[in-house]
Amino acid sequence: MKSLYSIYDSILIDELKPALGCTEPIAIALAAATARKTLGAMPDSVTVACSGNIVKNVKGVTVPNSGGMKGIETAAILGIVGGNANKALEVLSEITDEDRKKTEELIAKGICRTELQEGVPGLFISVTVRKGDETATASIVDCHNEISLLMKNGKIISRRESSKNNIADEDERKSYLSVEGIIDYAEHSDLKAVREALLTQWKLNEKIAAEGLSSSYGVSVGKTLLKYYDKNDVRIRARAKAAAGSDARMSGCPLPVVINSGSGNQGLTVSLPVIEYGNSMGKTEDEILRALAVSNLIAIHQKKYIGPLSAYCGAVSAAAGAAAGIAFLHTNDISIISDSITNTLASVGGIVCDGAKASCAAKISSALEAAILGFELADEEKKTFVSGDGLVKENIEKTIETFGKVGKEGMKETDIEILRLMLEK
Numbered sequence: 017m018k019s020l021y022s023i024y025d026s027i028l029i030d031e032l033k034p035a036l037g038c039t040e041p042i043a044i045a046l047a048a049a050t051a052r053k054t055l056g057a058m059p060d061s062v063t064v065a066c067s068g069n070i071v072k073n074v075k076g077v078t079v080p081n082s083g084g085m086k087g088i089e090t091a092a093i094l095g096i097v098g099g100n101a102n103k104a105l106e107v108l109s110e111i112t113d114e115d116r117k118k119t120e121e122l123i124a125k126g127i128c129r130t131e132l133q134e135g136v137p138g139l140f141i142s143v144t145v146r147k148g149d150e151t152a153t154a155s156i157v158d159c160h161n162e163i164s165l166l167m168k169n170g171k172i173i174s175r176r177e178s179s180k181n182n183i184a185d186e187d188e189r190k191s192y193l194s195v196e197g198i199i200d201y202a203e204h205s206d207l208k209a210v211r212e213a214l215l216t217q218w219k220l221n222e223k224i225a226a227e228g229l230s231s232s233y234g235v236s237v238g239k240t241l242l243k244y245y246d247k248n249d250v251r252i253r254a255r256a257k258a259a260a261g262s263d264a265r266m267s268g269c270p271l272p273v274v275i276n277s278g279s280g281n282q283g284l285t286v287s288l289p290v291i292e293y294g295n296s297m298g299k300t301e302d303e304i305l306r307a308l309a310v311s312n313l314i315a316i317h318q319k320k321y322i323g324p325l326s327a328y329c330g331a332v333s334a335a336a337g338a339a340a341g342i343a344f345l346h347t348n349d350i351s352i353i354s355d356s357i358t359n360t361l362a363s364v365g366g367i368v369c370d371g372a373k374a375s376c377a378a379k380i381s382s383a384l385e386a387a388i389l390g391f392e393l394a395d396e397e398k399k400t401f402v403s404g405d406g407l408v409k410e411n412i413e414k415t416i417e418t419f420g421k422v423g424k425e426g427m428k429e430t431d432i433e434i435l436r437l438m439l440e441k
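Per my numbering, residue 17 is the first one in the sequence shown, and the count goes up by one each step.
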């Protein structure tokens, strides 16, 4: 068991990273900042080649610290002008007013061009910068916060042994994930290796939720929930906090979020409802951290089938993780935890992802409403959807795998059509 626990430790440590703003524009900024640093000069021209899923997730979201600007060109040029390539997903944390002004000027000059790449992984970004005859290229593939290929003047400087080996290693580790294994880990591991990562998620995600509830961002889904529904109800507070965090980050709030499965919105969704329930129940810090381990790993378990980006809204898998975490705070009965996940997926599995933007907060709220109902059906009513009810299968592992296949394979054409419609003038 110790070796299995160490695998789960390593998954959480690798996944729970702070990120400033939506991870797709931030990944573009990171690639651009790295390319500019490698070039050693301010470029005359910039080309950003990226997959359709990147285009979809950057088109409508405000780039953090940009002063309200949106889009691929903004993310790339801001990264070039003022990004710190050494700060990974917090690459834009040191942006100044002068950087923003310079970015606006360069966008107006039209120095940046975007190319849609086909036949590449869902998470694909390649930024090439030019100054005279000099060029530098930085590429990110499959993992938001790692440069997979760095080149100068056509010569390779570094290559992350590609993705194939790393992804194989990652897939091998994640193949050990199971609902039963995750619950055993949360009950019996000392959590020593992951305590800091979980506490950081707790602290940073609570902070941006508070900011979202105290100010006006997007359409203020979180604030609206507390205004028109019973703020004394933990169900409403749990949804409101997660939605408010998304309200803020989708509108460019310069506060970091600890991500899950490469997504800040998913990081908010798996953590804040569990924390809110834990606090309302008078649970200890250790008990809440164990529930957070459950919610995070259950979400990651689902995403191993779906992949980092698809037409399947990640708020659903994150909400199912939250349902499991909330259930774990109440009981260690694996059947109730499993049924909470099943009920969530059966209710809202298949919500489409049409890019990162303000309405993500509303999708989080809806997914969490289903998750909380799913838990209450399982725990209080002892009821669950059964095999034959749509995509529900004979056990929780088969059910998770089936919904994952729908997200990855079944919704490929949906993804293409969503992108086509989003790019339609």
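Calculated from the structure, these hints are not laboratory results. Hints may contain errors.
Claimed, not checked - Listed below are the simulated EDC-like cross-link pairs for lysine to aspartate or glutamate, each with C-alpha atoms no more than 20 Å apart in a straight line:
1) LYS75 with ASP149
2) LYS190 with GLU162
3) LYS299 with GLU440
4) LYS398 with GLU417
5) LYS53 with GLU203
6) LYS320 with GLU121
7) LYS147 with GLU121
8) LYS414 with GLU196
9) LYS125 with GLU110
10) LYS247 with ASP30
11) LYS219 with GLU131
12) LYS171 with GLU196
13) LYS86 with GLU397
14) LYS75 with GLU150
15) LYS320 with GLU385
To see whether the hints hold, each was checked on the structure:
1. Between LYS75 and ASP149 the CA atoms are separated by roughly 31 Å; this puts the pair beyond 20 Å, and the hint is violated.
2. A C-alpha spacing of about 19 Å is found between LYS190 and GLU162, which places the hinted pair at or below 20 Å, so the restraint holds.
3. This hinted pair does not check out: LYS299 and GLU440 have alpha carbons roughly 50 Å apart, beyond 20 Å.
4. For the hint pairing LYS398 with GLU417, the CA-to-CA distance comes to about 23 Å; that exceeds 20 Å, so the pair is violated.
5. Between LYS53 and GLU203, the direct Cα distance comes to roughly 46 Å. Violation of the 20 Å bound is thereby established for this hinted pair.
6. Taking the CA atoms of LYS320 and GLU121, the gap is about 42 Å. The hint is violated against a cut of 20 Å.
7. Our distance criterion of 20 Å between C-alpha atoms is met by LYS147 and GLU121, whose separation comes to about 18 Å.
8. Of the supplied pair hints, the one linking LYS414 and GLU196 holds, its CA atoms being roughly 13 Å apart against a limit of 20 Å.
9. At most 20 Å may separate the alpha-carbon atoms for a hinted pair to count; LYS125 and GLU110 exceed this at roughly 24 Å.
10. A distance of roughly 35 Å separates the Cα atoms of LYS247 and ASP30; the hinted pair therefore is violated under the 20 Å criterion.
11. Proposed proximity of LYS219 and GLU131 is contradicted: the alpha carbons are some 38 Å apart, above 20 Å.
12. At roughly 48 Å between alpha-carbon atoms, LYS171 and GLU196 are farther apart than 20 Å, so this suggested pair is violated.
13. With a C-alpha separation of about 46 Å, the suggested pair LYS86 and GLU397 falls outside the 20 Å cut-off, and the hint is violated.
14. For the hint pairing LYS75 with GLU150, the CA-to-CA distance comes to about 29 Å; that exceeds 20 Å, so the pair is violated.
15. Taking the CA atoms of LYS320 and GLU385, the gap is near 24 Å; set against the 20 Å cutoff, the hint is violated.
Comparing the model with each numbered hint stated earlier shows that hints 1, 3, 4, 5, 6, 9, 10, 11, 12, 13, 14, 15 do not hold.
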